[in-house]
Each structure stands twice: as C-alpha cells, then as structure tokens.
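Below are the chains, spelled out letter by letter.
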Amino acid sequence: MRNIEPLDITATDVTGQNVVNVNALDREMTVRELLESLVPRMRLPPMGNGGRPLTYQARLEREGRHLHSSEVVGEALQTSDRIMLQPTIEAGGC
Amino acid sequence: MKTQHPFRFILELFKRDGSALGQLPVVADWEPAVEAVRFAAHRQLGLDAIGADAVVEFHPAWHPTLGEPYLKSFEAVLTLRCARRVTCQVPTAFFKAFATAASAAMVSRGLLQPGELFEYLVAAFRAPSWSSAVEPHDRFAIEEVPVPLAVKPAMLGEFLSRSVECGATDPEDIRVFIPQEVLAEVEMLTRQAPAIEVASVLIGHLHRDQASTDVFLEVTAQIPARNSQGTALKVTFGPDTFHAVQTAIALRRAEEQWIGWAHSHPAASAWCNPKCSPEARAQCPLQRVFFSADDCDVHRTLFSKAFSIALLITNTDAGLVPALFSWRNGIIVQRGFNMLGQSQVIHPTTTAVAVATIGDNENEKLCST
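Chains as they are written, first to last, in the working numbering: chain A, 1 to 94; chain B, 1001 to 1369.
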C-alpha cells in the first residue's frame, strides 16, 4: 500500500552550521533529484571555479551510510531522519 | 534568512587601453556577503542567534569620482525583525570571480587574448525588487533553522598576554589564536609528505570577550585529513574525511566546532624543477605563497562561515612559510594571527609571513620551466 504520510527530514552541511528542515518531501523523488534541488536552496555552491559542477553525497545519520543517488526517497528515508550533504572537492596547487 | 535585491548589478569589462569589451548582468554568489553582514550583527549587537525572518538587502555605494551608476563598493544591509540594522561594506573585488569567468568567454570569442589583463567596473540600477529567499518547490518545502553562534565566554586580554603576533591583524578582523603545537603539527605533516599536498581540518572555539563583547577564535587542534587523497597538485576532501573529523570531535568531548582547514603547497619539494638553478628557484612563482582558485572553492564550499580560517604551509627552498587566510567583508584575504605558546619564543617560520596572491590560476603559466 502506498505511504501517503508526510515525510519531513532535516538536512545539514558538513559543519552542522547550516541546517534546514525539509518538509512534505515527495516520496517518489530519487536522492539525486533531492540533492540537485537541495544544494542551491541550502545556499551551497553547485559549481566550483570555471563552472565545474561539484559532487555532493547525502549521508543518512540513522544508518551511518551514504545514500546512493538512484535510491528513492520514500524507501530510504523516514520522518525525522537527518541527512548531511557532503561535497567532494579539491584544493589545488599550481 | 531572506535576501532582497532592490538593485540590478551590471559588470562592464575594459581592455587596459580603456576600450570597452562589453557588459553583462551580474550573476553572483551572494552568500559570502550575507554571511559577512550576519557575522557583523553577531559582533556588533552581541547576538548569538539571528532569526530566519531577518532580511538582507544589497545597496550600491557610488564611486567617488565616476559617480552613479558606478560602485566603489556595495553595502550588505541586514534588518532584524526588531528593525535594528547592521551594514557591511563589501568591495567590488567581490565580483572578481564573476569577472574572471566573463573574461574567459571573451577569450573564446577572440575579444581578449589568453592571459591578457583587463579591468572591470560594476554599475547598479534600481529595479523591481526580487528575492532570493527560498522559493516554493513542488516536491518539498524548506525552512531555515537558525543555528545560534556557539560562543564561550572568555577574556581576550588573557589570550593576548600569552601569545605573540604573527603578521598584522586588520582592525576589522577577529583575533585568531593558534597554539604553537598545532602549527608545528601541520608543519610536521608537510615535512612527512614532501611530494604531495596534505590537509587537515582545524577545530576549536569561538569566544566572546567579557570586556568588549566582541568575539575571537581559538584553534584547539588540527585533525589530519588522513582519508583525503593527496597528489603533488591537489588534495581531495571527501565524505570519509568529514566522517573522520566528526568522529574525532565526538571522541574529544570538548564541544569544539569546525573553524577552518589547513593544507600544504609542496613547492620546493614537488613542483619546482630540480634542474633549475638556485637563483631561478628563488624567483620561481611556484614558491610564492598563493591561495588558488581551487583553494577559494574549498573555503567557500566547506567553510563559508565568516569566522572560518585557512592555514597554508608553503614548502619553499628557504623553509616552510605559513600564511593565514579568512573572510573579510565577503571576500577571502590574507591576515595575521596570534600564536599561543608556553613561552614567548617565536617559532622561526613565523617571523616572516610572505604576501600571498588569492584566487588566481596564473602560477603555473608563470613558471619558466
């Protein structure tokens, strides 16, 4: 049976200094779609210098694992879950 | 926090001879300016929390000789629900990254030669206000959770009395205190891995001075990013690094917070051609202190809070050279710090801090080898 309960979660950046409540999540979204929408709305930069896209992953704290981008939000997440958005980013030299 | 834009900002680019290259509307990452004025409110009003209902607007400050519509800077104006206002003057260097990106397009169109220097002005025109507040979204709703500034009471004078100044601290900057042993640890990591870039996350405390009510920063430890992937030319921060840092903070049980990062530039040991003469190496731009465009990206992406710092250790023929960077009015600048130590003996490498370049990618092409 299809779950129609509202799905409300919390999302943070890696430092825990940037926190948002994400409410009434569409359960049919994939994690990739969630991240693509959430990154700019959390005022995290979607791109680096030269327009290179930055890659973010979502770490689900309840399970201590990173969500795969193809996972469906309604299957992977529960209300009150906390996810952490983690970029992969390079500090460069010369 | 809601941001409103009562003005449209336009970038105008010129060749060095003054001939116009073109205009384009500014599409900027405004968040560093928002953070700057938010932190100014924390400092000036003694507030630890700023509500999500506060509003930030951006207003031009006209150029003293060119006049309207050209800017010498712009003001980020934060208005609290109680109608109290705080402002922060943001220099037009804020738009440098956007101007650099715009110039790349002009190079591809043949209007500029690769490497050719250019100049830019920023103009502003009043326009129907638009908001960059979080817009409704059909697949979820979002609500900012105000995170109070985690500050501990302390006496700035006590910290100053047991520290030595390394480089000048601008009056606008908060004081930053780095223990001598933390600096020594970062330098040791640099020496132990001379062929690659290494990195750490700096943790510590924000303090509020009980005398002045201003805040200052204390680094308490560096957590080596052992899970990062370092090469001679870059170091990659990824999820494993972040998890390791969070675990370390939890195990230390000292309520420390992420306050910055450190990394090395293995210039003498990995970047420079060993066949170059000592004279050529002494002049080599790779051995200069610089904070690259990629370094700026890391700072913006991971350490966007206005109090965040970045410690850089450059491995030069003359030894390890430390330099500290932080946000100031929305842009990344080099700055001084205070070194905490048991004695007043100054660590040799901190007696001279080289002046850095920031945000450029020109060092490689300047190398003559």
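Think of the hints as simulated: they come from the structure by calculation, not from any bench. Please read all numbers here as calculations on a predicted model, not as lab measurements. Positions of the beta carbon are idealized from the N, C-alpha and C atoms, including for glycine. Just to be clear, a hint being listed does not mean it is correct.
Simulated coverage check for chain B against chain A, where a stretch passes if three residues somewhere in it have a Cβ under 8 angstroms from a Cβ of chain A [stated by the list, open to error]: (1) 1072-1083; (2) 1144-1153; (3) 1301-1311.
task = Any hints from earlier that this structure breaks? Give me their numbers in increasing order, please.
result = 1
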